[in-house]
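According to the UniProt record's numbering, the sequence shown is numbered sequentially starting from 1.
Honestly, the hints are just simulated from the structure, not real lab data.
In this text the structure is predicted, and so the values were computed from the model without any measurement.
Check the hints yourself; a few may be wrong.
[As the list claims (entries may be wrong)] Distance windows between CB atoms, simulated:
1. Lys128 <-> Lys160: 22 to 30 Å
2. Thr150 <-> Ala55: 28 to 36 Å
3. Ser118 <-> Lys204: 26 to 34 Å
4. Met87 <-> Leu33: 44 to 52 Å
5. Ser16 <-> Asp173: 37 to 45 Å
6. Asp177 <-> Asn8: 39 to 47 Å
[Said to hold, decoys possible] In the DSBU-like style, the derived pairs of lysine-lysine whose C-alpha atoms are separated by at most 35 Å in a straight line are:
7. Lys77 <-> Lys170
8. Lys137 <-> Lys19
9. Lys170 <-> Lys32
10. Lys32 <-> Lys204
11. Lys80 <-> Lys128
12. Lys170 <-> Lys189
13. Lys189 <-> Lys160
14. Lys75 <-> Lys32
15. Lys204 <-> Lys9
16. Lys128 <-> Lys170
17. Lys160 <-> Lys199
18. Lys137 <-> Lys204
19. Lys160 <-> Lys204
20. Lys75 <-> Lys137
21. Lys19 <-> Lys32
22. Lys78 <-> Lys128
23. Lys189 <-> Lys80
24. Lys183 <-> Lys117
25. Lys204 <-> Lys128
26. Lys189 <-> Lys199
27. Lys19 <-> Lys128
28. Lys160 <-> Lys174
29. Lys199 <-> Lys174
30. Lys117 <-> Lys75
31. Lys170 <-> Lys183
32. Lys170 <-> Lys80
33. Lys189 <-> Lys204
34. Lys174 <-> Lys204
35. Lys9 <-> Lys117
36. Lys78 <-> Lys137
37. Lys174 <-> Lys137
No residue lacks a Cβ here, since even glycine has one placed at the ideal position from N, Cα and C.
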Amino acid sequence: MVLTIELNKRQEKILSIVKDRGPITGEQIAEKLELTRATLRPDLAILTMAGYLDARPRVGYFYTGKTGSQLLTEKVKKIKVGEYSSMPVVIQESATVYEAIVTMFLEDVGTLYISNKSGQLAGVVSRKDLLRASMGKQDMNTIPINIIMTRMPNITYCFKEDYLLEVAHKLIDKQIDGLPVVKQAEDGKGLEVVGRVTKTNITKAFVELARDEII
């Protein structure tokens, strides 16, 4: 993620020149500012990497016409799940509700993913599911987790290659806290959990992006 929206005075002058006279070469910009090409090189690199300017060989620099907010929006749209997903917490479907509660407490997560004997995603269980199960009079050591879990194919999931913004929309639409990140199983018959993406992951991505934009 790159670079600054708060431009310095020289960078603002460069933008003004390119807006008025682009396409224009680096040498011509340097001449107008009465500076050397070497002095301007870092500023031109920043403006190009940030998306304010574009450059074409043997043509020069030209203004993209994009505002800082437009550039930020474009960067948000390009973030993929794999860049911010975290490690999943997976338990076997043979585990009990009590074991699931202990695991959730020790790992400090809001969702557990359940795998079958083949290591494929079989279900998902949330804090609400476990709380609901614990309110009954049954012994939680005797209740298999697969009794209360949400099963495939009723699980919303995503892939590393998906865009984070699309996942954010899914979390809002489904009113859930996170999704399993999956990949196709080697036998092609199911999905394996390789990560998780939560509201916290998404918040972290947006905070880091905003921070990078104002450094």
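Do the hints match the structure? See the list:
1. In this structure the hint that Lys128 and Lys160 lie 22 to 30 Å apart at CB holds, the actual value being about 27 Å.
2. Between Thr150 and Ala55 the beta carbons are some 51 Å apart, a value that contradicts the proposed interval 28 to 36 Å.
3. For Ser118 and Lys204, the Cβ-Cβ distance of about 32 Å falls inside the hinted range of 26 to 34 Å, so the restraint holds.
4. Between Met87 and Leu33 the C-beta distance comes to about 50 Å, which sits within the given range of 44 to 52 Å.
5. A beta carbon spacing of about 44 Å between Ser16 and Asp173 agrees with the range 37 to 45 Å that was offered as a hint.
6. Under the hint 39 to 47 Å, the C-beta atoms of Asp177 and Asn8, about 41 Å apart, fit the expected range.
7. Restraint check for Lys77 and Lys170: the C-alpha separation of about 15 Å stays at or below 35 Å, so the hint holds.
8. With a CA separation close to 73 Å, the supplied pair Lys137 and Lys19 exceeds the 35 Å bound.
9. With a C-alpha separation of about 51 Å, the suggested pairing of Lys170 with Lys32 is violated against the 35 Å cut-off.
10. For the given pair, Lys32 sits about 42 Å from Lys204 by alpha-carbon distance, which is inconsistent with the 35 Å threshold.
11. With a C-alpha separation of about 29 Å, the suggested pair Lys80 and Lys128 falls inside the 35 Å cut-off, and the hint holds.
12. Taking the CA atoms of Lys170 and Lys189, the gap is about 24 Å. The hint holds against a cut of 35 Å.
13. Restraint check for Lys189 and Lys160: the C-alpha separation of about 19 Å stays at or below 35 Å, so the hint holds.
14. Among the hinted pairs, Lys75 with Lys32 is consistent with the structure: their alpha-carbon atoms are about 32 Å apart, no more than 35 Å.
15. Between Lys204 and Lys9 the alpha-carbon distance is near 31 Å, which keeps this suggested pair within the 35 Å criterion.
16. A C-alpha spacing of about 19 Å is found between Lys128 and Lys170, which places the hinted pair at or below 35 Å, so the restraint holds.
17. Restraint check for Lys160 and Lys199: satisfied, since their Cα atoms lie roughly 16 Å apart, inside the 35 Å limit.
18. Proposed proximity of Lys137 and Lys204 is contradicted: the alpha carbons are some 40 Å apart, above 35 Å.
19. For a cut-off of 35 Å, the pair hint linking Lys160 to Lys204 stands: about 17 Å separates their Cα positions.
20. Distance hint between Lys75 and Lys137 is unfulfilled; the C-alpha atoms sit about 51 Å from each other, more than 35 Å.
21. Our distance criterion of 35 Å between C-alpha atoms is met by Lys19 and Lys32, whose separation comes to about 14 Å.
22. The suggested pairing of Lys78 with Lys128 holds, with an alpha-carbon distance near 33 Å, which does not exceed 35 Å.
23. At roughly 25 Å between alpha-carbon atoms, Lys189 and Lys80 fall within 35 Å of each other, so this suggested pair holds.
24. Taking the CA atoms of Lys183 and Lys117, the gap is about 17 Å. The hint holds against a cut of 35 Å.
25. Proposed proximity of Lys204 and Lys128 is supported: the alpha carbons are some 24 Å apart, at most 35 Å.
26. Distance hint between Lys189 and Lys199 is fulfilled; the C-alpha atoms sit about 29 Å from each other, no more than 35 Å.
27. For the hint linking Lys19 to Lys128, the alpha-carbon distance of about 56 Å lies beyond 35 Å, and the restraint is violated.
28. Between Lys160 and Lys174 the alpha-carbon distance is near 19 Å, which keeps this suggested pair within the 35 Å criterion.
29. Our distance criterion of 35 Å between C-alpha atoms is met by Lys199 and Lys174, whose separation comes to about 12 Å.
30. About 40 Å separates the Cα atoms of Lys117 and Lys75, which puts this hinted pair outside 35 Å; it is violated.
31. Between Lys170 and Lys183 the alpha-carbon distance is near 18 Å, which keeps this suggested pair within the 35 Å criterion.
32. Simply put, Lys170 and Lys80 have alpha-carbon atoms about 14 Å apart, close enough for the 35 Å limit, and the pair holds.
33. A threshold of 35 Å between alpha carbons decides the hint, and for Lys189 with Lys204 the separation of about 34 Å falls inside it, so the pair holds.
34. Taken as a hint, the Lys174 and Lys204 pair is honoured in the structure, with Cα atoms around 20 Å apart against an allowance of 35 Å.
35. A hinted pair counts as satisfied when its Cα atoms are at most 35 Å apart, and Lys9 with Lys117 does not qualify at roughly 63 Å.
36. Pair hint Lys78 plus Lys137 does not hold up; C-alpha atoms about 49 Å apart against a cutoff of 35 Å.
37. Of the pairs offered as hints, the one joining Lys174 and Lys137 holds, with about 30 Å between alpha carbons and a cut-off of 35 Å not exceeded.
Taken one by one, the earlier hints fail for this structure at numbers 2, 8, 9, 10, 18, 20, 27, 30, 35 and 36, listed in ascending order.
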